[in-house]
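Participant: As a plain string of letters, each chain reads:
2 protein chains.
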Amino acid sequence: MYNELVKILGENKVSKGISILEQFSHDESHHEWVKPDVVVFPESEEDVVKVIKFANKNKIPVTPYGAGSSIEGNPIPVKGGIVLSFQNMNKILNVYPQDMMVEVEPGVLYKDLNKYLKTYGLFFAPDPGANASIGGMIANNASGTRTVKYGATKDNVYEINVVIPSGEVLKIGNLARKSSSGYDLLHLFIGSEGTLGVVTKAYLKLVGRPAEMSACIAYFNSVEDAVNTVAQIIMAGLDPAALEFIDVNVIEMLNKEEGLNLTEKPAILMEFHGSNKISLEEDIKFVVEICKDNNVISYDLGVGLDERERLWEARHKTYEVILRTNPGKKALIVDAAVPISKYPELVIFAREAIKGVKGYIFGHAGDGNLHAVLVGDKNDKKEWEKLEIANDKIVEKAISLGGTATGEHGVGLGKRKFLEKEYGKNTVELMRLLKKTIDPNNILNPGKVL
Amino acid sequence: MYNELVKILGENKVSKGISILEQFSHDESHHEWVKPDVVVFPESEEDVVKVIKFANKNKIPVTPYGAGSSIEGNPIPVKGGIVLSFQNMNKILNVYPQDMMVEVEPGVLYKDLNKYLKTYGLFFAPDPGANASIGGMIANNASGTRTVKYGATKDNVYEINVVIPSGEVLKIGNLARKSSSGYDLLHLFIGSEGTLGVVTKAYLKLVGRPAEMSACIAYFNSVEDAVNTVAQIIMAGLDPAALEFIDVNVIEMLNKEEGLNLTEKPAILMEFHGSNKISLEEDIKFVVEICKDNNVISYDLGVGLDERERLWEARHKTYEVILRTNPGKKALIVDAAVPISKYPELVIFAREAIKGVKGYIFGHAGDGNLHAVLVGDKNDKKEWEKLEIANDKIVEKAISLGGTATGEHGVGLGKRKFLEKEYGKNTVELMRLLKKTIDPNNILNPGKVL
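Chains Y and A, in that order, give the protein sequences.
If you're matching positions, the first sequence starts at 1 in the working numbering and goes up one per residue.
If you're matching positions, the second sequence starts at 1 in the working numbering and goes up one per residue.
Hints are computed from structural coordinates only; laboratory data are not their basis.
Small disclaimer: the values here were computed from a predicted structure and weren't measured.
A hint or two may mislead.
Which bits of chain A does chain Y cover? Going by a derived footprint, with three or more residues having C-beta under 8 Å, they are [stated by the list, open to error]:
#1 172 to 181
#2 296 to 304
Which chain Y residues stay away from chain A? Per the calculated CB distances, all over 10 Å, these [said to hold, decoys possible]:
#3 V34
#4 Y96
#5 K178
#6 N221
#7 E224
#8 A405
#9 E408
#10 T427
C-beta atoms are modelled at their ideal positions from N, C-alpha and C, and glycine is treated no differently.
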């Protein structure tokens, strides 16, 4: 397969070097590493078409690979074959400031993109924390701290080019702000984790950098008080740009490892964006009232710019810090989401469910999205099984509350078992049927999602 | 077929009365009326399943029918067979005020729903103008005056139940505020115009009634000035809750027919929603600056509540009034949308393109959505052809600007010819393949979209 790919693409776009195969054998999850047979580095849509056609003809698995920052095994080439790395398709093609839109190749990295857009006063809002690739974010429907205000990736894409297994290039979506034209294939491909098609270009929706920003942190005596506050802020119709819950042991860890100086109590971290100070102040007054109703211990309403950046940086690094402080251990991550009124119930349930395992609870609370990072020794079957049981319990609880098995990390390898529980057999059968229709040879990222 | 359906459902849910067949033979468009063979009135999901199973087994066309308010022929039973009317599945099942969500049957009407929700301080935001059914809005991905702020129907649905041609009931979506779980079938069904499945239940996202509202109207010497103002308001990152363009002859007509007292100049009509007066005032100050930069003649910043309601009522009735003032004529409606920076170009182009036909231009300008209602005698082939040519020109222009053939009315019968121009052959072929996969006997709303 290597020789044939070299013939098709040229030598410098194909590798079977052992260190390269190693590099593309894993993501940031606990899932087992699997080396591909070969890694290709396309430089254009035409290159991608050539690879897909070759793979489809020869029924060779193809796993698209962005930055490798996912945490559910999404880009691990579990069936071997070809990894399609987009690291060389990383150009920002055009910025359309008037339409608040940018045209990019899939290998562009999230943080690089936003750094570049700073001079335009614009940014791409879904904030996965990690420096994910745009292609990976689209594949995964990534989201994060800013989603509570600005939506997930699926809410921020106008148009994509996709190569489907037949080798055809499809233009999906259009550049208008709304459309009722034909079937919405855009959302079918977004979040399909590279199992239906490979994105080669995207037009992303940008938002203006807010004129005013305000960050606050509030501490509570109990987790109940903290998460009730979260739910009440959302239910009051306030519009935070971030609303995070952080449990005590996470704060303790961040204080120690990242040199923060936070009160070691259950906390909520908020950010508000607006066009003027006065309206932000009004919102924050309201937030303070809600905090007081829930027995807040203390709060800091005017977290300064430097401290804010340090806080978010630390928050984004939580997963990394957890792994670092637990050397030799692996982490299983709960990523359930529920309607906001059920969020306190889910968090309390999760705290119970993880008793007896090492676990850290935090999450994008404003979206009803709970993370519990459960840490253990994967080689210790008994220990790891406890983690799995806790995860299962929490996810099943979330589903029973009308929620979802994965708020933002995708199904990948680890959440497949919950799909039928969440949607029912008929719905998942239809997903399977669509996969089979679009990818009859099952070449695209096989072993994932379904 | 009538007798068999009576056997399945009982006599009072099935009709072949001539006046009933007539009633369900058309929508509000110019498209030719076609009578179904029979109309059924299901009262439950089980009834729908029975009808679909019967129809699929016998390869009988089934056309779902909501309020009949669509304007692109979307629910006309062009192949005869069964019309599935949802007028008796019109219950509001549950309101979840804390989660700002409502659970409804598909026959619930938009205006009735919002009247009911008033006491909760909530509303379902997509505003199609007509008193459409929720099922029809979902089928069509309806939108309207409020979409510029709150999104289209597709942005405001959490979960639906769908009956697919096999007779299976699918739960699609979930109630969490975000999810990355499996393929996004929700958006595939929303906007598929009843050609893939029949919605039997929906959980809708609601928004809080704004604490403060402000309506303004501004008049300009030229269409150019008015539409440039629109584009600049959006590009400035302001967040209007409505931003409509109305051309002179529409204003003249509304003054005369609806007793309004507007200045007879190209106008833009705006609404702003906010949590406090001060922030609205800030926004409006900014709007005034932009208007002045574009040679505004005059403006009214504080349109009172009564007048505002009268204005919106009149705006919503524009289509109806056009038909009333042109008795015996039919209307062909342009519904193109483009990126906002291209909106002025499209409007100017449209004004040129409709010279020589009777036409009225207005639209949801903040979304880049242009309507031109072209009026003529459908029996006069030559006259009607002129309308068709003007429509074709405008739509093709919109597509060449990166836009869409239909911003909100759907493809129905009239926009099918543009689908390949908008997306390319490969993409439309994939839509056809999905249709064939889900509905192999082509029973659901045949003759539409594709």
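Participant: Hints numbered earlier in the text: which of these fail when held up against the supplied structure?
Facilitator: Hints 2, 4, 5, 8, 9, 10 contradicted; others consistent.
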